[in-house]
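Residue strings, one per chain:
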Amino acid sequence: METLREILDPHFLLRNSVYISVVLGLTCPLVGLCLVVRRLVFMGVALPQISSCGVAFAFALQGWGLLPHAHQRAGEQVLALLGSTVFTLGAILLFSLQARRRRGSLEASVGAAYVLAGAWSILLLVKNPIGEHGLLDLLKGEIIAVSSFELAVTAGVFAAVAATLAVFQKEFLLVSFDPEMAVSLKKNVLGWDTFLLLLVGLTISMAVLSVGPLVTFGFLLLPPLTARLLARNMRQFALLAAGLGGVTALAGFCLACRLDLPVGATDVALLGGVYGVGFVVNRIVR
Amino acid sequence: MTAPAKTLLSLDGLTVGHGRQPVLEDLSLRFAAGTFTGLLGANGSGKTTLLKTMLGILKPLAGRIEFTPVDGREPVLGYAPQHESLDPIYLLSSFEVVLMGVCGRVKPGRFISQSERDWARHCLERTGAGELSRLQFSELSGGQKQRVLIARALAAKPDFLLLDEPTAGIDASVKQSILDLLRQLHEEQRHTILMASHDLPAVRQYAQRAIWLRQGKALEGPAAELLAPESVEAILDLETH
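Note that the protein sequences, when read in sequence, are chains A and B. Note that my numbering has the first sequence beginning at 1, numbered continuously upward. Note that my numbering has the second sequence beginning at 1, numbered continuously upward.
Worth flagging that the hints you see were computed from the coordinates, not collected in a lab. Honestly, I wouldn't trust all of these hints.
Unchecked claim - Partial list, derived from the structure: chain B residues whose beta carbon lies under 10 Å from chain A: (1) Val97; (2) Gln136; (3) Leu140.
Note that the structure is predicted; figures quoted are calculated from it, not measured. Even for Gly, the Cβ is constructed at its ideal location relative to N, Cα and C.
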């Protein structure tokens with residue numbers, strides 16, 4: 001309780017990190033829910049990895065002298081966001097095209113992309129001393145240095161994503177649950193699918209920049225998987241997933257501060273524990 | 001003498017299939033408004049492929065699909081897929097599933113009005129599934145799911161109702177009740193119905209007209225004549241020789 005009071009204090013040094021964790025914990029599960037119900041969990045694993053590879057690539061371009069050096073943190077952030085967004089959206093586009101054309105195994109492509117993105121992130125990183133330090137922190141999920149500008153941008157984007165998901169939930173649900181029925185009702189299924197995946201891509205890009213791929217993946221998938229065990233309808237499913245994500249993010253931060261542990265890994269481990277509790281409750285209740 | 005029923009849908013030289021592989025070639029068929037047609041064929045004969053092409057889910061490989069406007073607008077299609085095709089991971093009540101049927105009339109981002117909700121509830125009751133409203137769709141039996149899916153198709157206020165194997169995987173007594181429901185919908189509200197099925201006796205008993213898909217071609221005629229035992233024998237015998 002003392003630790004909670006301390007980290008919620010407006011003068012707490014890492015207050016922006018606390019806020020960004022909670023914002024991410026509330027929003028990522030809503031996006032992750034879309035991946036879970038569409039059986040695209042593998043994509044949820046691969047996209048954060050691809051996103052961080054995009055960041056590594058953007059910094060590598062800078063290291064090779066192909067892009068001008070950004071001397072300020074804001075410039076670095078823009079560069080990282082560009083790399084992350086281009087790679088994530090590009091991958092989403094390719095995966096959705098493959099899924100639509102039903103050529104080859106999507107799972108195999110996603111798996112291969114995950115492995116390759118992981119390998120290339122490391123290779124690009126070791127050959128780029130300029131970006132190595134920051135990127136290593138990112139890959140480890142160290143949620144420490146968050147500026148007020150970063151916090152405002154991330155919170156704004158996540159609020160917009162959550163609002164868009166809420167406003168168009170009827171359309172997203174229809175094209176996800178029964179795309180054929182949606183076509184028969186003259187809905188533009190490809191358009192809605194692309195829109196949804198763009199929201200997913202944008203969220204993942206922003207989240208990876210803030211907390212790294214491990215934590216992003218954890219918040220994308222573990223809260224929805226836990227909520228699925230306990231909810232009785234889609235509304236409960238969404239609210240419970242977001243609630244579990246937000247509360248776990250805050251509790252994880254407290255625990256990490258108290259025990260002097262890395263925040264990201266603590267968050268994910270705690271999410272795993274919550275999933276375990278959800279599983280047991282599900283077995284007892286049903 | 002009664003006037004011939006207006007054609008609602010014409011297929012001209014239609015070839016359907018998957019990718020570039022044709023399953024049915026050069027089909028030319030007419031669907032008159034208010035008729036109950038059975039689309040008969042064995043597994044893999046192309047029933048679902050044809051149905052999905054008519055619905056716009058698959059693109060035709062060749063030929064044309066032409067709908068006749070109803071009251072100056074394009075006809076509304078109501079579709080009931082095979083119930084196994086819907087993923088049980090979604091936590092949707094039967095009512096929420098039926099509510100999807102009204103989405104064609106509700107603009108993106110808008111709330112579904114109370115009158116549309118009442119209509120969806122009415123459709124559930126119309127198909128004898130009113131008491132299933134609050135139950136989770138994924139936990140219903142095959143027959144119950146089929147009733148809910150027919151209610152969802154009706155919720156679209158369709159001019160043409162297309163059903164894909166509505167009695168597949170359902171026990172005999174429930175099958176009978178689903179077919180009775182379809183006959184009732186057709187007789188009382190003059191719905192135009194196309195029902196894909198591999199059940200020859202059911203099509204013969206319930207449909208007015210039949211389209212029999214065999215070996216990439218379509219035979220068409222009044223159900224009672226085309227599917228009379230002697231005609232069926234003659235067709236099968238002809239093919240054997």
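Checked hints:
no.: 1; hint: Val97; in the structure: holds (8 Å)
no.: 2; hint: Gln136; in the structure: holds (8 Å)
no.: 3; hint: Leu140; in the structure: violated (15 Å)
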